[in-house]
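Undergrad: As you go down the protein sequences, you meet chains A and B in turn.
This note's numbering numbers the first residue of the first sequence as 4 and each following residue consecutively.
This note's numbering numbers the first residue of the second sequence as 7 and each following residue consecutively.
Simulated from the structure, these hints should not be mistaken for laboratory data.
Mixed in with the good hints, there may be bad ones.
Unchecked claim - BS3-like cross-link-like pairs, simulated, lysine-lysine; straight-line CA separation at most 30 Å:
hint	chain 1	residue 1	chain 2	residue 2
1	A	K65	A	K186
2	A	K317	B	K72
3	A	K317	B	K64
4	A	K355	A	K191
5	B	K64	A	K191
6	A	K31	A	K224
7	A	K13	A	K31
8	A	K186	A	K224
9	A	K186	A	K13
As the list claims (entries may be wrong) - What follows is a set of in silico ranges between Cβ atoms, one per label pair, in the way DEER data are often shown:
hint	chain 1	residue 1	chain 2	residue 2	range
10	A	P174	B	E14	56 to 62 Å
11	B	E73	A	P174	29 to 35 Å
12	B	P39	A	L180	48 to 54 Å
13	B	K72	A	P177	40 to 46 Å
14	A	L180	B	K72	23 to 29 Å
15	A	L356	B	M88	17 to 23 Å
16	B	R87	A	H313	22 to 28 Å
17	A	R167	B	K72	41 to 47 Å
18	B	L28	A	W170	21 to 27 Å
19	A	R32	B	L28	34 to 40 Å
20	A	M329	B	L28	38 to 44 Å
21	A	H305	B	L28	35 to 41 Å
22	B	T35	A	R195	39 to 45 Å
23	B	R87	A	T431	31 to 37 Å
Treat the numbers as computed from the prediction; the structure is a model and nothing was measured.
Idealized CB from N, CA, C, for every residue including glycine.
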Amino acid sequence: MARLPSSKNKHHLTGIDWILHGFDFMTKRATGAGNMFQIVMELEGLPAENEVRDWLDVCTRKFPLLGGRTRRDFNLAPYWQMPSRPPQVSFDVHRLQAGDETLPLLERGVNTPFRSEREHLALQLIHAGESSHAAVKFDHRLFDAHGAEMFLSMLQRDWEEGGRCNWEPPPCEPAHLSEWRDKFEAGKQVNRTFLRLAESGPPRALPLGPRSISQGFAFRKITFTEQQSQEIIERAESEAGYLMAMPYTMALTIQALHAIFVNRGIMTGNYVIPVTMDTRVPGSRPHAVFFNHVSLLLFRIHDREVGDFHALLKSIKQQMYEQARMGLARDLLEASLLIRIAPLPMVSYLVKLYLKRDIASFCFSFLGDTGHMPTRFMGREVSRSYHMARVPVPPGLGVFFHQTHGRLSVHLSYLRGVLAEGEVETITQALHSGLGG
Amino acid sequence: MPEMSVEEIEELLLAEVANILLADPDTVTVDAPLHSLGMNSMAFVELLVVIERVFRLKLMETDLTKEDFQTVRSLASCISRMT
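Put together the whole structure using the sequences plus the hints.
TA: This is the structure in structure tokens:
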């Protein structure tokens, strides 16, 4: 008798994973490459190329998820299909000559599409004199920012133990095809929130620019020393309150970007800013390395609130509080499970439909110091690390704060054509002076 | 609003902090700074929501300083003063 297909051993995707798949689809359609991000580690010294290549080959075989791809189960729930052959991981080495810059290579790396639907990780090693950069590119469909950091720690442990680590595969995610009433109740709350966000028209957004322009992302980085970072956090606590660095940096970012909108004469609509929040907590599932363990908070900022920094800060904190009280992030996790039935073109259509065209003014996140990032990588000391994220298109614009080992860095990420060079300079200066650097 | 001693408030806050952080309750102590336990902006706001629900205090809207907020002990003593 033929066996019925079983869902028990499959890693099903959550609703948030499916939304990330939708963003990947949208971004591929707009730019030819998906929703990827890169973690760059500045290393003291030069890892031996052959050693890295051999280790990478052995190590990645321990993570079959790295070679998986999305499929629909017989019950229509999407799941991650394990590969029958070892995962592919790209490894490129570049040697900088005197006068060469690292940034163009890093930008090229993060803008290069994966070679196939089964590739989700790539490593680029850049030798620059006596130091080097290791840039690891991640597919956002399989990793979120903290998961990627945890994965790098696992790789480092494997390196330290001579490739002898054995990793337990993560437990299978169930299909979540029960308790429909809870999902629909959560859906009702999320629906109301989105309708409120869109009640006064589409969000204020910058045009994406002509498609003839190269559609890769460009980046601008601001870094701070440990001492400067400490001063920034103290200033945030004194102005916004204890543990309120996220609203403080978000308020500074809104003011910095507002100047660009005003100069362009884009004065209609509210700013709508989605903020990713990690749903992992210390001590939670250590296997939560793969897939997306995040939810969203959604902020709406009116033009009149932007000029007064303290009013802006108060509005952000108030909205954050209200969303925590309503349990919006939890509702979004629950409600998004309903959207998995929709094919990806429809997911991207639905996301845009909600907000009447543009899905956000820009993206923002503040990744605090979780201690996940390794202090050494491939046998070398990590002197600094930072994230470079491509942003879903639209909006194709994002500002990301990242704190690791006590040091703060900020990345402006924009699709080429969204910002002019002078505007990038204006935003960078505004952020730098706002943060007191 | 329940009448509680400072010690009872501390007990309640310890349990809530452990719950929000999904941490082993034994690892959360009254004098540990909340940021050292891994609490971030959002987790802290969740704690403030719990405080509003139990004590009817909207601490988000007050001008309490870092010293008032940063440990379970200081937060409990602050709540006790305000209730």
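Undergrad: Do the alpha carbons of K64(B) and K191(A) lie within 30 Å of each other, as the hint requires?
TA: Status holds; Cα separation ~27 Å.
Undergrad: Taking the Cβ atom of E73(B) and the Cβ atom of P174(A), is their distance within the range 29 to 35 Å?
TA: Once the Cβ atoms are compared, 43 Å apart, the range 29 to 35 Å for P174(A) and E73(B) is violated.
Undergrad: Check the hint pairing K65(A) with K186(A) against an upper bound of 30 Å on the C-alpha distance.
TA: violated, 35 Å
Undergrad: Could you see if the CB distance from P174(A) to E14(B) stays within 56 to 62 Å?
TA: violated, 38 Å
Undergrad: Between the beta carbons of M329(A) and L28(B), is the distance compatible with 38 to 44 Å?
TA: Check failed, 21 Å falls outside 38 to 44 Å.
Undergrad: Holds or violated: 34 to 40 Å for the Cβ distance of R32(A) and L28(B)?
TA: Roughly 38 Å apart at Cβ, these two residues keep to the hinted range, so it holds.
Undergrad: Given the proposed pairing of K355(A) with K191(A), does the C-alpha separation stay at or below 30 Å?
TA: holds, 18 Å
Undergrad: Against the 30 Å threshold, does the CA-CA distance of K13(A) and K31(A) hold or violate the hint?
TA: Holds. K13(A) to K31(A) sits at ~26 Å (cutoff 30 Å).
Undergrad: Does the Cβ distance between K72(B) and P177(A) fall inside 40 to 46 Å?
TA: Holds, at about 42 Å.
Undergrad: Hey, K31(A) versus K224(A), does the alpha-carbon distance stay inside 30 Å?
TA: holds, 24 Å
Undergrad: Honestly, do R167(A) and K72(B) meet the 41 to 47 Å range at C-beta?
TA: holds, 45 Å
Undergrad: Can the suggested window of 23 to 29 Å be confirmed for the beta-carbon pair L180(A) and K72(B)?
TA: Cβ of L180(A) to Cβ of K72(B): about 46 Å, so the range 23 to 29 Å is violated.
When held up to the earlier numbered hints, the structure conflicts with 1, 8, 10, 11, 12, 14, 15, 20 and 23 and fits the remainder.
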